[in-house]
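S.K.: Sequence:
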Amino acid sequence: MKFIINRDVLLTPLQQIVSVIEKRQTMPVLSNVLMVLDETGLTMTGTDLEIQMVAKLDIQAEALGSVTIPARKFLDICRLLPNEADIKFELTDDKVRISSGRGRYVLATLPADSYPEFTESDYDHQFIISSDQLKKALDKTMFCMANQDVRYYLNGLLLNISNSKIKLVGSDGHRLSFFEDNLNASTGYEARIIIPRKGVQELSRLLDQPEIDVDVKFSGNHIKITYQNMIFYAKLVDSKYPDFSRVFNQNFNNPILAQTQLLKAALTRVSVLANEKFKGITLDVSENLLKISAHNPEHDEAEEELVMQYLGESFSVSFNSQYLLEAVSNLDSEMTALTVASNNSCCFIEEAEQPKFKFIVMSMQL
Numbered sequence: 132m133k134f135i136i137n138r139d140v141l142l143t144p145l146q147q148i149v150s151v152i153e154k155r156q157t158m159p160v161l162s163n164v165l166m167v168l169d170e171t172g173l174t175m176t177g178t179d180l181e182i183q184m185v186a187k188l189d190i191q192a193e194a195l196g197s198v199t200i201p202a203r204k205f206l207d208i209c210r211l212l213p214n215e216a217d218i219k220f221e222l223t224d225d226k227v228r229i230s231s232g233r234g235r236y237v238l239a240t241l242p243a244d245s246y247p248e249f250t251e252s253d254y255d256h257q258f259i260i261s262s263d264q265l266k267k268a269l270d271k272t273m274f275c276m277a278n279q280d281v282r283y284y285l286n287g288l289l290l291n292i293s294n295s296k297i298k299l300v301g302s303d304g305h306r307l308s309f310f311e312d313n314l315n316a317s318t319g320y321e322a323r324i325i326i327p328r329k330g331v332q333e334l335s336r337l338l339d340q341p342e343i344d345v346d347v348k349f350s351g352n353h354i355k356i357t358y359q360n361m362i363f364y365a366k367l368v369d370s371k372y373p374d375f376s377r378v379f380n381q382n383f384n385n386p387i388l389a390q391t392q393l394l395k396a397a398l399t400r401v402s403v404l405a406n407e408k409f410k411g412i413t414l415d416v417s418e419n420l421l422k423i424s425a426h427n428p429e430h431d432e433a434e435e436e437l438v439m440q441y442l443g444e445s446f447s448v449s450f451n452s453q454y455l456l457e458a459v460s461n462l463d464s465e466m467t468a469l470t471v472a473s474n475n476s477c478c479f480i481e482e483a484e485q486p487k488f489k490f491i492v493m494s495m496q497l
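Numbered according to the working numbering, the sequence shown spans residues 132 to 497.
You may find that some hints are simply not true.
[What the hints assert, rightly or not] Capping the alpha-carbon separation at 25 angstroms, the derived lysine-lysine pairs in BS3-like fashion look like this:
1. LYS348 to LYS267
2. LYS154 to LYS204
3. LYS226 to LYS133
No lab work stands behind these hints, which were simulated from the structure alone.
Whole structure, please, built from the sequences with the hints as guidance.
M.R.: As structure tokens, then:
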């Protein structure tokens, strides 16, 4: 196995692959990247058995072959080389010799035969979506995912395809993010899957170029996403996502319209003196005036008043300040619409004009 490749061609796909590989592995070969050189080019693969990333690079081979090499060591060598440097890669017995300029590096290898095969199933469904549309959908919902929750279906994102509509939902049980948009073409089917948390994070990191078609295929157990010269695979969460539609079917107060940046700044300042454990703040809403207040066990207090648009009865409700802040920070519009349920159970946060996504935060008792 022998080839020469430019450092800048190799570095980005190698970084994407290494981010999938866990630092601590039960199997030593899983710390390695699989490299296969054949007539079609160089194929690099990294996996943690739940997620797999594959890169295909078009290069000229001097000698064909396959091997696995330590992923992070190889990445560090490539990353620290000068821009546009040529890297010569040669496999001799069970060692890989990497040379560039006046540098020589020798890495131990493991045989390619011992690299575990990622099992795939037949893909029943397929659709095309632009990379910036999918990345926006992921970024607007992934921050609400649970982390290591016993309700394992919450440790991921719900992807729902309904003919020409795409919906993504993330929730940790205390808040929920909901994104809905149109696909360019109708799919002719309805399907729901749950993409695992790590898979969502790696996919968002992968989609770094706008306006590129992303080919998505999935079955009941696996998802395969092709993006440029990268292929992303993930095992899906084997569970049913809870029915969240009941949250929408209740009575609401009139919406509160506030300037997004002013609201965000006020929430940030007041939350400094909120209880460090519960992070609770109180919203006192009256006609065209919003009072945000917080206090903590050290008897510190904070209070700010914000002029906004609201017509209706006065009420008071409390929320986790961090949840409110993260929701408001993800809005792109100048105006924010806050709609509180009439029983004060939750609050809808969305853009005032043409909202494609909603954030729902459950209230709390202070």
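S.K.: Evaluate each hint against the coordinates.
M.R.: Verification of the hints:
1. LYS348 to LYS267: Given pair LYS348, LYS267 holds - Cα atoms ~19 angstroms apart, limit 25 angstroms.
2. LYS154 to LYS204: Holds, at roughly 12 angstroms.
3. LYS226 to LYS133: Since the Cα atoms of LYS226 and LYS133 sit roughly 12 angstroms apart, the hinted pair holds (cutoff 25 angstroms).
Going through the hint list in order, the structure satisfies each hint without exception.
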